[in-house]
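Please construct the entire structure, taking both the sequences and the accompanying hints into account.
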Amino acid sequence: MSSVKVAVRVRPFNSREIQLLSKCVIDMTDKTTYITSCSNQTYNFEFDYSYSSFDKKAVNYACQDKVYKDIGAEMLDHAFDGMEEDCIILRYNVCIFAYGQTGSGKSYTMSDCLGKVNDLEEMGMIPRLCRAIFSRISENRENQQLKYTVEVSYMEIYCEKVKDLLCPKNENLKVREHPIFGPYVDNLEKMAVCSYEDIFELMDAGNKARTVAATNMNSTSSRSHAIFTIVLTQREHVNDLDTEKVYKYFNKKGMRII
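Going letter by letter, the sequence shown gives residues 1 to 258 in full-length UniProt numbering.
Check before you lean on any hint, since a few could be wrong.
To be verified - Quick list of in silico lysine-lysine cross-link-like pairs, BS3-like style, CA-CA up to 30 Å: (1) LYS116 with LYS208; (2) LYS5 with LYS66; (3) LYS116 with LYS66; (4) LYS23 with LYS56; (5) LYS208 with LYS174; (6) LYS174 with LYS116; (7) LYS208 with LYS66; (8) LYS69 with LYS31; (9) LYS66 with LYS23; (10) LYS31 with LYS56; (11) LYS174 with LYS190; (12) LYS69 with LYS147; (13) LYS57 with LYS31; (14) LYS116 with LYS69; (15) LYS5 with LYS56; (16) LYS56 with LYS116; (17) LYS57 with LYS147; (18) LYS69 with LYS57; (19) LYS190 with LYS169; (20) LYS57 with LYS23; (21) LYS208 with LYS190; (22) LYS147 with LYS161; (23) LYS69 with LYS208; (24) LYS190 with LYS161; (25) LYS66 with LYS56; (26) LYS5 with LYS31; (27) LYS56 with LYS208; (28) LYS66 with LYS31; (29) LYS5 with LYS57; (30) LYS56 with LYS69; (31) LYS161 with LYS208; (32) LYS5 with LYS190; (33) LYS147 with LYS190; (34) LYS5 with LYS69; (35) LYS190 with LYS116; (36) LYS190 with LYS69; (37) LYS116 with LYS169.
These are calculated hints, taken from the structure and not from any lab test.
Owing to the predicted nature of the structure, the values given are computational and were not obtained by experimental measurement.
Here it is in structure tokens:
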């Protein structure tokens with residue numbers, strides 16, 4: 001897996017664009033994105049992935065599962081493969097960063113389940129990753145030497161202030177720098193979870209605590225940046241020695257905090 005991959009995704013028209021009789025000027029083929037200007041001049045751009053989610057009837061339509069299998073599944077495989085290294089302490093960080101203007105589909109791509117815990121069609125990147133993590137842990141239970149813990153945190157950055165979405169009373173938290181592990185948020189709640197359903201409940205509660213406001217593009221637009229963090233820890237008992245291998249998955253919407 002390369003260090004950085006870039007994907008671009010086109011959403012379908014919203015009700016406002018349909019009412020205005022808007023015309024789609026973007027087309028996609030494999031990794032290439034084509035944009036046609038008002039003067040009918042076409043420009044093409046190359047990305048690692050070009051996803052057209054504009055028309056469900058189109059042969060190149062990219063569903064939520066397609067996006068996850070291309071991007072999220074590879075990260076998960078790479079992280080668990082790394083856990084097989086012997087008797088060392090590892091920290092493995094992965095970031096999925098969704099960027100775009102309000103109403104462009106960031107929340108849908110990253111998290112949307114429409115309030116349904118097991119909506120396999122609409123489920124976004126974060127819940128799919130969480131389901132896959134616990135599925136992989138379940139597969140590894142036959143190895144009694146391996147023990148796993150999963151912890152999550154969820155924060156919002158709005159007007160340069162950090163708010164804990166899992167404990168909304170914790171506002172204006174401070175960002176500090178650890179000499180080894182780098183930037184972190186002081187007093188941010190980290191919740192231990194035992195299942196995907198636990199994570200879904202925490203995400204759902206956190207989403208309801210986010211700052212929203214109406215815009216011309218979106219009647220309930222999230223007006224902040226949000227960072228959802230999963231810390232997956234594997235402990236392995238080998239030759240009477242406990243070795244701990246720690247990995248972090250960062251699923252971030254908006255601007256990185258570091």
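A quick look at each hint next to the structure:
Restraint check: the Cα-Cα separation between LYS116 and LYS208 comes to about 14 Å, which is no more than 30 Å; the hinted pair holds. Of the supplied pair hints, the one linking LYS5 and LYS66 holds, its CA atoms being roughly 16 Å apart against a limit of 30 Å. A hinted pair counts as satisfied when its Cα atoms are at most 30 Å apart, and LYS116 with LYS66 qualifies at roughly 19 Å. The straight-line distance between the Cα atoms of LYS23 and LYS56 is roughly 16 Å, inside the 30 Å bound, and the hint therefore holds.
Restraint check: the Cα-Cα separation between LYS208 and LYS174 comes to about 22 Å, which is no more than 30 Å; the hinted pair holds. For the hint pairing LYS174 with LYS116, the CA-to-CA distance comes to about 34 Å; that exceeds 30 Å, so the pair is violated. At most 30 Å may separate the alpha-carbon atoms for a hinted pair to count; LYS208 and LYS66 meet this at roughly 27 Å. At roughly 16 Å between alpha-carbon atoms, LYS69 and LYS31 fall within 30 Å of each other, so this suggested pair holds.
With a C-alpha separation of about 25 Å, the suggested pairing of LYS66 with LYS23 holds against the 30 Å cut-off. Our distance criterion of 30 Å between C-alpha atoms is met by LYS31 and LYS56, whose separation comes to about 19 Å. For a cut-off of 30 Å, the pair hint linking LYS174 to LYS190 stands: about 15 Å separates their Cα positions. Pair hint LYS69 plus LYS147 holds up; C-alpha atoms about 26 Å apart against a cutoff of 30 Å.
Of the supplied pair hints, the one linking LYS57 and LYS31 holds, its CA atoms being roughly 20 Å apart against a limit of 30 Å. Of the supplied pair hints, the one linking LYS116 and LYS69 holds, its CA atoms being roughly 21 Å apart against a limit of 30 Å. Between LYS5 and LYS56, the direct Cα distance comes to roughly 25 Å. Compliance with the 30 Å bound is thereby established for this hinted pair. For the hint pairing LYS56 with LYS116, the CA-to-CA distance comes to about 21 Å; that is within 30 Å, so the pair holds.
Distance hint between LYS57 and LYS147 is unfulfilled; the C-alpha atoms sit about 45 Å from each other, more than 30 Å. Taking the CA atoms of LYS69 and LYS57, the gap is near 20 Å; set against the 30 Å cutoff, the hint holds. Between LYS190 and LYS169 the alpha-carbon distance is near 15 Å, which keeps this suggested pair within the 30 Å criterion. The hinted pair formed by LYS57 and LYS23 meets the criterion: a straight-line CA distance of about 17 Å does not exceed 30 Å.
At most 30 Å may separate the alpha-carbon atoms for a hinted pair to count; LYS208 and LYS190 meet this at roughly 18 Å. Using a Cα cut-off of 30 Å, the hinted pair LYS147 and LYS161 is violated, with the two alpha carbons roughly 36 Å apart. With a C-alpha separation of about 28 Å, the suggested pairing of LYS69 with LYS208 holds against the 30 Å cut-off. For the given pair, LYS190 sits about 19 Å from LYS161 by alpha-carbon distance, which is consistent with the 30 Å threshold.
For the suggested pair LYS66 and LYS56, the alpha carbons sit about 13 Å apart, so the restraint of at most 30 Å is met. Between LYS5 and LYS31 the CA atoms are separated by roughly 12 Å; this keeps the pair inside 30 Å, and the hint holds. As the CA atoms of LYS56 and LYS208 are separated by approximately 29 Å, the hinted pair is consistent with the 30 Å bound. A distance of roughly 14 Å separates the Cα atoms of LYS66 and LYS31; the hinted pair therefore holds under the 30 Å criterion.
The straight-line distance between the Cα atoms of LYS5 and LYS57 is roughly 27 Å, inside the 30 Å bound, and the hint therefore holds. Of the supplied pair hints, the one linking LYS56 and LYS69 holds, its CA atoms being roughly 18 Å apart against a limit of 30 Å. Among the hinted pairs, LYS161 with LYS208 is consistent with the structure: their alpha-carbon atoms are about 18 Å apart, no more than 30 Å. As the CA atoms of LYS5 and LYS190 are separated by approximately 28 Å, the hinted pair is consistent with the 30 Å bound.
Of the pairs offered as hints, the one joining LYS147 and LYS190 holds, with about 19 Å between alpha carbons and a cut-off of 30 Å not exceeded. Distance restraint check for LYS5 and LYS69: the Cα-Cα separation of roughly 14 Å lies within the 30 Å cut-off, and the hinted pair is therefore satisfied. A distance of roughly 24 Å separates the Cα atoms of LYS190 and LYS116; the hinted pair therefore holds under the 30 Å criterion. Straight-line distance between C-alpha atoms of LYS190 and LYS69 comes to about 28 Å, which keeps the hinted pair within the 30 Å bound.
Straight-line distance between C-alpha atoms of LYS116 and LYS169 comes to about 26 Å, which keeps the hinted pair within the 30 Å bound.
The structure fails to meet hints 6, 17 and 22 from the earlier list, while all remaining hints are met.
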